[in-house]
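A.B. asks: Now for the letters of each chain:
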Amino acid sequence: MAIDPVVINLKVGIEIHQQLATNCKLFCSCRSKEIEKYGATFVRKLRPTQSELGSYDPAALFEFKKMRTIKYYASAASSCLVEADEEPPHDVDSGSLETALIISLALHSDIGDELHVMRKFVIDGSNTGGFQRTILVANGGYLDVNEKRVKVQSICLEEDAAKLISDDGTIREYGLDRLGVPLVEIALEPVTGTPEEIMRIALSLGRLLRASKRVARGLGSIRQDVNISIDNGAVVEVKGVQRLDQLVKVIQYEMLRQHGLITIAQKLRNRKVVEKEIGDRIEDVTDILTKSPSKVVINALQENNSIFKAIRIRGFGGMIGFEPYPDIRIGKQLSELVRFYGLGGVFHSDELPRYGISSEEVQAIKNKLCIDAEMDAFVIVGGQNLKVDFAIEAIIQRLKMALNGVPPETRAATFDGKTVFSRPRPGAARMYPETDVPTIPINSSRIASLSEIVPKSMDDILNSLAKKYSLNKKLAEQIFDSDYFGIFEEIAGSVKEVRPTFIASKLTEDLINLERRGLDPAVISDEILFDVFKRLDNGTIAKESVISIFEKLMNKEAETVEEAKMALGITAISDQELDTAIEKILKENTPIIIEKRLGAIGILMGKSMALLRGRADGHKINSKLQQKLEYMLMKVNSSDTSPPASA
Amino acid sequence: MSVRDKDNLTGYKEKSAELLRKQRVAVGDTITIKTSENEFTGILMTRYESADKNHIVIKLRSGYNVGIGTDKVRSITKLTDPTRDVPDAPATKNVAFVDSFKQGSKEFKISQSINQNFRSKEQPKIALLGTGGTIASKVDYRTGGVSAALSASEIYASVPELENYASIEPEVLLNEYSENLKPADWTIIAHKIKEKVASGKYQGIIVSHGTDTMHYTAAALSFALQNLPIPVVLVGAQRSSDRPSSDAALNLIGATIFAVRSELTGVFVSMHATTSDDVIACHLGTRVRKNHTSRRDAFESIDGVPIALIRGEILEMQLEQTGLKLKKRTNNTNGLLVGPEFDSRAVLLKYYPGFNPEFISHAVAAGYKAIILEGTGLGHVSKDCFPQIRNAVESGALVFMTSQCIWGRTRMTVYETGRDLLDIGVIPLSDMMAETATVKAMWALANSKDAKSTTKLMQENIANEMSMAIPI
Chain A
1 MAIDPVVINL
11 KVGIEIHQQL
21 ATNCKLFCSC
31 RSKEIEKYGA
41 TFVRKLRPTQ
51 SELGSYDPAA
61 LFEFKKMRTI
71 KYYASAASSC
81 LVEADEEPPH
91 DVDSGSLETA
101 LIISLALHSD
111 IGDELHVMRK
121 FVIDGSNTGG
131 FQRTILVANG
141 GYLDVNEKRV
151 KVQSICLEED
161 AAKLISDDGT
171 IREYGLDRLG
181 VPLVEIALEP
191 VTGTPEEIMR
201 IALSLGRLLR
211 ASKRVARGLG
221 SIRQDVNISI
231 DNGAVVEVKG
241 VQRLDQLVKV
251 IQYEMLRQHG
261 LITIAQKLRN
271 RKVVEKEIGD
281 RIEDVTDILT
291 KSPSKVVINA
301 LQENNSIFKA
311 IRIRGFGGMI
321 GFEPYPDIRI
331 GKQLSELVRF
341 YGLGGVFHSD
351 ELPRYGISSE
361 EVQAIKNKLC
371 IDAEMDAFVI
381 VGGQNLKVDF
391 AIEAIIQRLK
401 MALNGVPPET
411 RAATFDGKTV
421 FSRPRPGAAR
431 MYPETDVPTI
441 PINSSRIASL
451 SEIVPKSMDD
461 ILNSLAKKYS
471 LNKKLAEQIF
481 DSDYFGIFEE
491 IAGSVKEVRP
501 TFIASKLTED
511 LINLERRGLD
521 PAVISDEILF
531 DVFKRLDNGT
541 IAKESVISIF
551 EKLMNKEAET
561 VEEAKMALGI
571 TAISDQELDT
581 AIEKILKENT
591 PIIIEKRLGA
601 IGILMGKSMA
611 LLRGRADGHK
621 INSKLQQKLE
631 YMLMKVNSSD
641 TSPPASA
Chain B
1 MSVRDKDNLT
11 GYKEKSAELL
21 RKQRVAVGDT
31 ITIKTSENEF
41 TGILMTRYES
51 ADKNHIVIKL
61 RSGYNVGIGT
71 DKVRSITKLT
81 DPTRDVPDAP
91 ATKNVAFVDS
101 FKQGSKEFKI
111 SQSINQNFRS
121 KEQPKIALLG
131 TGGTIASKVD
141 YRTGGVSAAL
151 SASEIYASVP
161 ELENYASIEP
171 EVLLNEYSEN
181 LKPADWTIIA
191 HKIKEKVASG
201 KYQGIIVSHG
211 TDTMHYTAAA
221 LSFALQNLPI
231 PVVLVGAQRS
241 SDRPSSDAAL
251 NLIGATIFAV
261 RSELTGVFVS
271 MHATTSDDVI
281 ACHLGTRVRK
291 NHTSRRDAFE
301 SIDGVPIALI
311 RGEILEMQLE
321 QTGLKLKKRT
331 NNTNGLLVGP
341 EFDSRAVLLK
351 YYPGFNPEFI
361 SHAVAAGYKA
371 IILEGTGLGH
381 VSKDCFPQIR
391 NAVESGALVF
401 MTSQCIWGRT
411 RMTVYETGRD
421 LLDIGVIPLS
431 DMMAETATVK
441 AMWALANSKD
451 AKSTTKLMQE
461 NIANEMSMAI
471 PI
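Protein chains in written order, with the working numbering: chain A, 1 to 647; chain B, 1 to 472.
Since the hints were made in silico from the structure, they are not lab data. Among the hints, a few may not be true.
To be verified - Below, in silico cross-link-like pairs of lysine-lysine (DSBU-like), each with a Cα-Cα straight-line distance of 35 Å or less:
no.: 1; chain 1: A; residue 1: LYS151; chain 2: B; residue 2: LYS15
no.: 2; chain 1: A; residue 1: LYS45; chain 2: B; residue 2: LYS201
no.: 3; chain 1: B; residue 1: LYS192; chain 2: A; residue 2: LYS45
no.: 4; chain 1: B; residue 1: LYS34; chain 2: A; residue 2: LYS151
no.: 5; chain 1: B; residue 1: LYS34; chain 2: A; residue 2: LYS148
no.: 6; chain 1: B; residue 1: LYS350; chain 2: A; residue 2: LYS456
no.: 7; chain 1: B; residue 1: LYS78; chain 2: A; residue 2: LYS45
no.: 8; chain 1: B; residue 1: LYS78; chain 2: A; residue 2: LYS151
no.: 9; chain 1: A; residue 1: LYS213; chain 2: A; residue 2: LYS272
no.: 10; chain 1: B; residue 1: LYS53; chain 2: A; residue 2: LYS151
no.: 11; chain 1: A; residue 1: LYS163; chain 2: A; residue 2: LYS213
no.: 12; chain 1: B; residue 1: LYS182; chain 2: B; residue 2: LYS15
no.: 13; chain 1: A; residue 1: LYS239; chain 2: B; residue 2: LYS34
no.: 14; chain 1: B; residue 1: LYS34; chain 2: B; residue 2: LYS15
no.: 15; chain 1: B; residue 1: LYS328; chain 2: A; residue 2: LYS45
no.: 16; chain 1: B; residue 1: LYS72; chain 2: A; residue 2: LYS148
no.: 17; chain 1: A; residue 1: LYS635; chain 2: A; residue 2: LYS607
no.: 18; chain 1: B; residue 1: LYS72; chain 2: A; residue 2: LYS213
no.: 19; chain 1: A; residue 1: LYS239; chain 2: A; residue 2: LYS467
no.: 20; chain 1: B; residue 1: LYS125; chain 2: A; residue 2: LYS456
no.: 21; chain 1: A; residue 1: LYS239; chain 2: A; residue 2: LYS213
no.: 22; chain 1: A; residue 1: LYS456; chain 2: A; residue 2: LYS400
no.: 23; chain 1: A; residue 1: LYS37; chain 2: A; residue 2: LYS239
no.: 24; chain 1: A; residue 1: LYS151; chain 2: B; residue 2: LYS72
no.: 25; chain 1: A; residue 1: LYS534; chain 2: A; residue 2: LYS596
Said to hold, decoys possible - Pairwise CB distance ranges, derived in the manner of DEER restraints:
no.: 26; chain 1: B; residue 1: GLU169; chain 2: A; residue 2: GLY169; range: 51 to 61 Å
no.: 27; chain 1: A; residue 1: MET458; chain 2: B; residue 2: THR32; range: 51 to 61 Å
no.: 28; chain 1: A; residue 1: GLY169; chain 2: B; residue 2: GLY323; range: 54 to 64 Å
Note that the Cβ used here is the ideal one computed from N, Cα and C, for glycine as well.
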């Protein structure tokens, strides 16, 4: 179902988080490298604290309500006592700060005169200290995208969070390798437009960052958070969009979800639902459900001190399960919400009797809650006693918000382009000065010296790329946007015989084709690419073998280029063997040669390639063939009755 | 004079203060600053006193602090009605939610989210004495660092689980970084503890303390308060209590559980046993040392294991493994021996290659009565020091030997150097820690009439500062 983004006044603010390519972390000298193997582990619990202005941050409280134990995994190669929150932070990495300043200049942003490191409270455990360190580097600025000027809100330099490994509802596990990796966060002013137009803005911003040659590349090195709102709604922040095609889908999904919630709110208001009457009666219904065959109920009641409680929701009858758009309903929002409290057992009256809950049980619950009107609904939620009480508070709060349509909240992007609830939106109170690190004055001479290395405009970059490597504009654009741009430049700079156009097209079009066929591009490391093109440069493999080798590797049929070569039966042919092979082909095709003379070259080339593809370079085969054909024709001529013309 | 007193512009100096004063703005006001390039609206923040005079700091609506160069400022306007005047950035429009959260949860308090199992019977009483330090701290604009600021009662308010174990009566006694504490402060603390003990009201006493010198205070109280009928537990935090990852709460809970339930008495230090938030170790006051600048488990028991571990709610006593003998808790408060005075004329000298023996002579000349040497290995210093040590002994100063190895006992009969030092008159202090020995010497000097009785006190094992057998 399509909604016109203009009619509903879709506004999207993009926030890009880009990892920087540095050798160390933002506040210590550890390597900024993702690790798979961990050594040490430790556990922590976080509790909220009052901020500088004296008020508690709701997001912090929300996390605290969940009372989780957090387990951290560390590796000596990528983390030290700083990441473990066992040592104060070191000074801000000067290289990262310089990058943030250069990016600010490129975006015409106003750099602060004195930068302050702040603590942004995040007590989900993703930061060992309970806060992320972040620095507001610059305010304002702009980015021109297709003759449209997009305003920049702010540019921050901050540390990346720890990597979530698992979460079973009571223990959450994180790896510390990513914690502290420097990130630049760029927040753009909200813009109107179609999801595709908005995606192009993100693309342009990403290109500008890559043009600085100071940012990390590859999946996970850039993440978009998007603030999405429509008319009569509220701002919803969606975190963790990693790919641009996913961004388009997320915006489309949120348009539907938000518009759907507004539609539901309108209906509820028409019914004159009274906020105070939402959750005006809560009853323990464990007795009613103890014998229920429902799997969800049985599971929920297996926990210690478990309980089922029912909440009366006046005026919501038929509205919790109502779907203005496919799969968009309040019921779904509630189940996402309670999952956050580690609960799975939530039902509402619109979907019952079902899931093993009988109509008798439904009636018994209704009786207990004194529900007699069709217009009234109930929600039941079960699990551990304490969690249930927290969840009930959250459910009632969420249903009250349903009267206003879209609650302002933070949601997480799913891989397939949808969004799920993650937490209420944090207020401004979540900031606190990081007193362990002194403030950083930025003087004008420092900025002036950096102005010279600010990345050029996209057009300039593509033109100079096209010129330097003799690429056409489209290929220049493709290779620049690709994750292989860095390695492309390295390879193109180190080979002699292979043309950059060839390398660029293999790294873009051909690899993408293989990827589209479902093959895994992750196995194609920089080392492998270097190896393949070096071999090509030396003539030990032929141009035609490059893709076959990639295919073998991506199919996991080989682990090294050498193995792929063996698997393909490519053995480099010696010059002598090549001569013999070509002479054999010429001999076998003597009738055609006599008939077509030099015109036979096309047919001969085809036959040679069929035999020699991948074992010798095509150019080489062609020139040898040419040479030998001419020699053969000369010999044939001389044995004719007529003397050779030149004789 | 601090500017705070006059017009509430804490930390601002010269031009920046002048600019702000002219507009009659004070810290906490919402202001708009126009610069040559931009315009900023936010709350004027205090400035650290050590920061420069060229910037004005405001907290923007986004929560970020930013410093604006005074030379760029074109105008400063104070907003009369900030709620109306401050425009929300469209992407961060969420104030309504904060309000709704408050409304929905009826001003949510941390205490409401903790599982409190109030017992029907009356809880045992614990006196919590605040002396300052990281366990009670928040941001200090004077230095830009963390400072002692929260009162003991504020700690209690933020660690409501304590109510499950005890009824806590907080009292702020001192408010100092522990590096600023002096022997005279030990006397003040000892007097206060004596008063609390004598009241007979308490099951135990907890002293919150900065960690830097907590082990010195623990040793001092161990000598100043002997035959304690109830346990005295010192507690601190390596991560300040203004951060979610602070170890303060768990250390305090551990200290409380120990103070309430321990059958043993004496002076103890209760801190994290590992880097994890799971086990709290309770160390004996004379055998504990801060062995790391920043880790949570910086405090370790020397020459033995901690007296107890507190794992969740479970108190695991380990006295047997320590090989030490401790007194049992009693209701009789009459046995308490109080000697709260300290004489600072004791000096701790650490020997190192190149150590100038004249330091010893200078110490004697400066009037020091006791010299604690932190020697090498089993208790040695270079023979170059012999003449000065001999002079010191002859002039009546007491010279004691401890080891800088931290772990292990001195034994001065093994090598010639040791034997020579013994002949000169150096008194070995077994496995007493150098820090404990120094504190004990200050106490012994103040509590004895002559050098002979000081020596006797130093060699007597008063508070398990020396162990008979070091566990394997």
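A.B. asks: Each hint: holds or not?
C.D. replies: Hints, one by one, checked against the model:
no.: 1; hint: A:LYS151 with B:LYS15; result: holds (33 Å)
no.: 2; hint: A:LYS45 with B:LYS201; result: holds (33 Å)
no.: 3; hint: B:LYS192 with A:LYS45; result: holds (34 Å)
no.: 4; hint: B:LYS34 with A:LYS151; result: holds (19 Å)
no.: 5; hint: B:LYS34 with A:LYS148; result: holds (27 Å)
no.: 6; hint: B:LYS350 with A:LYS456; result: violated (61 Å)
no.: 7; hint: B:LYS78 with A:LYS45; result: violated (42 Å)
no.: 8; hint: B:LYS78 with A:LYS151; result: holds (27 Å)
no.: 9; hint: A:LYS213 with A:LYS272; result: violated (58 Å)
no.: 10; hint: B:LYS53 with A:LYS151; result: holds (32 Å)
no.: 11; hint: A:LYS163 with A:LYS213; result: holds (25 Å)
no.: 12; hint: B:LYS182 with B:LYS15; result: violated (39 Å)
no.: 13; hint: A:LYS239 with B:LYS34; result: holds (33 Å)
no.: 14; hint: B:LYS34 with B:LYS15; result: holds (16 Å)
no.: 15; hint: B:LYS328 with A:LYS45; result: holds (34 Å)
no.: 16; hint: B:LYS72 with A:LYS148; result: holds (31 Å)
no.: 17; hint: A:LYS635 with A:LYS607; result: holds (22 Å)
no.: 18; hint: B:LYS72 with A:LYS213; result: holds (32 Å)
no.: 19; hint: A:LYS239 with A:LYS467; result: violated (39 Å)
no.: 20; hint: B:LYS125 with A:LYS456; result: violated (70 Å)
no.: 21; hint: A:LYS239 with A:LYS213; result: holds (25 Å)
no.: 22; hint: A:LYS456 with A:LYS400; result: violated (51 Å)
no.: 23; hint: A:LYS37 with A:LYS239; result: holds (27 Å)
no.: 24; hint: A:LYS151 with B:LYS72; result: holds (23 Å)
no.: 25; hint: A:LYS534 with A:LYS596; result: violated (38 Å)
no.: 26; hint: B:GLU169 with A:GLY169: 51 to 61 Å; result: violated (39 Å)
no.: 27; hint: A:MET458 with B:THR32: 51 to 61 Å; result: violated (36 Å)
no.: 28; hint: A:GLY169 with B:GLY323: 54 to 64 Å; result: violated (44 Å)
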